[in-house]
Amino acid sequence: MNLLEVRRLKVYYPADPGLFSSVRSTVKAVDGVSFELEMAETLGVVGESGCGKTTLGRAIVRLVEPTDGEIWLEGELISTMRGAELRSRRRKIQMVFQDPFGSLDPRMTIGESIGEAIDIHRLASSEGAKQERIEALLADVGLTADQVGRYPHEFSGGQRQRIGIARALAVEPKLIVCDEPVSALDVSIQAQIINLMQDLQQRHGIAYLFIAHDLAVVEHISRRIMVMYLGKVVELADAGTLVRRPKHPYTQALISAVSVVDPDSKRQRKILPGDVPSPLNPPPGCPFHPRCPVAEARCRTEAPSFREVEAGHWAACHLAV
Amino acid sequence: MPLLEINDLTLEFGSGPDATRVVDGVSLTVEAGETLCLVGESGCGKSVTALSVARLVRSPPARYPRGAIRINGRDVLKMSKSELREVRGRLVSYVFQEPGASLNPVFRIGTQIKENLRLHRPEAATDEEVVRLLKQVGIPAPEIRARSYPHELSGGMQQRAMIAMALASRAKLLIADEPTTALDVTIQAQIIELLRDLKREFGTSILLITHNLGIVGDIADRVAVMYAGQIVELAPAHELLRRPQHPYTRALIRSVPSLGATPERLVAIPGAVPIPNALPSGCRFHPRCPEVREDCSRQAPALSEVGSGRLVRCPYWDANSEVRS
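The listed protein sequences derive, respectively, from chains W and F.
For the record, in the first sequence the residue sitting at position 216 is 235 according to the working numbering, with numbers rising by one throughout.
For the record, in the second sequence the residue sitting at position 33 is 108 according to the working numbering, with numbers rising by one throughout.
Derived by calculation from the structure, the hints in this document are not laboratory data.
One should not assume that every hint holds.
As the list claims (entries may be wrong) - One side of the interface only, derived from the structure: several residues of chain W facing chain F at Cβ under 7 Å: (1) S98; (2) A210; (3) T260; (4) V262; (5) S278.
Keep in mind it's a predicted model, so treat the numbers as computed, not measured.
From the three backbone atoms N, C-alpha and C, an ideal C-beta is built for every residue, glycine too.
Let the sequences and hints guide you as you build the complete structure.
See below:
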C-alpha cells in the first residue's frame, strides 16, 4: 500500500479582480495533479516560481483547502475529513518551511515549541516523559539538551532549521512535506541539513515530499522527481533518469540552465526564452508551448496528456518518445 | 594600471574597543574587460567590500582605518562628494539582488533610464536611445516596456532594466551583487548570458558577488574567495575550480551537490561562519577545517603567492589533492 496517493488534485483561487474590474477569474495554482508516495520514499518536486509546488505541499497538509481531487493517506481518504477526525490524521503529515525563523514563535523557548506539538497530540504521559522526549529529539537533530531553554533568535539559520525539523519529528510523522528547506541557508550549512534529513529518514523511516527549485539538491536527496509547470505535472521519473534522460523540453531546459561547478564541462546550454506565463492566463494547448524550442502546430491547440513514455517515466508532451 | 585596485581595505563599524572589523586587509584588482567573482558565505564581508567601491556604505558608522580603493588610479576613500558623484554611475554601476527594490516604483522604466542618460551622457538623452538600450538587454517590445512601471515587469525583466541603466552611463565597471539569486533558474541563465554579452561587446569589467560556485564556472576570469572578512584564496577561475588550494575552497566545492554526479553523501563543513567580533585565534577557518593541524589555532596565516596569479592563505596549501580525482 502506498503511504500517500494524490488524485487529480486541484487548488483554484479566485483572482482579485481589482477595484474597478468586473472580470472574475480563477488562478489554477494546482491543476489536476496525481502521484503516489511510498513509505520512507523521497519524492522531489521542482519547478519555477508560480508553478504551484508550494500550493501542492500546503494542500497535502491541508493548510489550504483543495478545490477538487482526492488525498489518500494509508488507504484513508483524508481530503474530505474535518475536525477531530482530520486532527488525528494530521499528526502523520508534518511540514518544514523555508524560513526557519518565521516558522518558530519568537516568544517561546525551543523546548516549549517542541513540547507544544507533543502536548497537542498528547504524546507524553507525564511532564518528565515530555522533557525526556524533547531532549531526545534535540539530540536526534544534532543539538544539545542544554539548549532547550533558549529562544529562536539565539540560534543560527542552520540550527533553527534543525529545530524546525525536531518539531516536525516530535509527533512521529510518516511524511514530512519540506518546502525549500535549505534554500535560505548558506552552502556550507545546506549540506549539513541535507545529510541530517537523510540520516533521519534512515533512522525513522519517514517519507519526504521535498519541494525545491534547486535541481541538484533535489536530485541528490530524491528517489523520484516530479517537475511542475503552471500547476501541472509535466514529467515524473526516477531521479537519475530524469536528470540524465529528460523527456520533456521544459525539464531539458531546466537542467541545461543549472550552472555547474565543473569548469571543463563542455555542454551546450539551451537558454529558454521568455518568462513563466502568469497562471491567471495560461496559454492554450500545452502550457509550455510559447517557450518551447520544439513546439508544433498541435501544441498550440491540443493539451498533451500525461502518459507513461517508458516504464516508470511519465511526461506530458506530444513529442516525447 | 588596473581599472580597480583595492589595497589592504579594512572596514570597521563603530570605533574604539567596540569596533567590529568586517573587512580585514582585502586586496584585489579588476583589469579592464575582466570578470572577477567574489565568493563567500553570508557575513564574510563580500558585499560591503563591493559597496565600498562607490562609497555606498554609510560612514559613519563605517570607518576605513586602512587601505585604498583606486579607480583609474584615484582613491575613492579620499574623494570629495562631487568627485564621488563622478565615480557613481559614470565609472561604476551597480546591479543588486532585488531589482524591484532598486528601481523607483513611481517612475516609468524609460524615464529612469533617461534620467541616467541626462546625468552622464546628456547628448544621448532621447527616447530612441532608451529604446535602443532596452532592446540591447533583450527586453521584448522595448517601446512599450519603456512606458511600464517597475511593478509591471517580472523579476528577470527588472534585472534587465537595471543592466540597461548601467549601460546607459557606459560605466566601465559593473558591480553585480548576487544579481541572479532572487531569480528562477531559467531566468538566471538568461541574465548570466546577458552579462557575458556585455563583457564581449563593450569590454565592461565586472565584479560579481555570488555564493554560487556554478556561476563562477560560467562567467569568471578570476575568483577571490572570502572567509570571515579576509581573502583566503585568489586564482584564475578554471584553476580554482579544478585545483582549489585552500581547505575552505575545497570544502565549499565538495559541499554542493552537482547535477548528475552526486555522491551518496555530501561532505558538509561542520559548525557555522564565525561572527566578526568573536573570531577564532590563528587561522579563522581552523575550527571548521577538515585538514586542521596543531599550530593552526596559534598562527594566523598570511596570504602568500603559490604560483603565477595564485594566492592562498594557508601554509599547508601544497598538501592538497584534486577535488575530483
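What are the numbers of the hints the structure violates, in ascending order?
1 and 3
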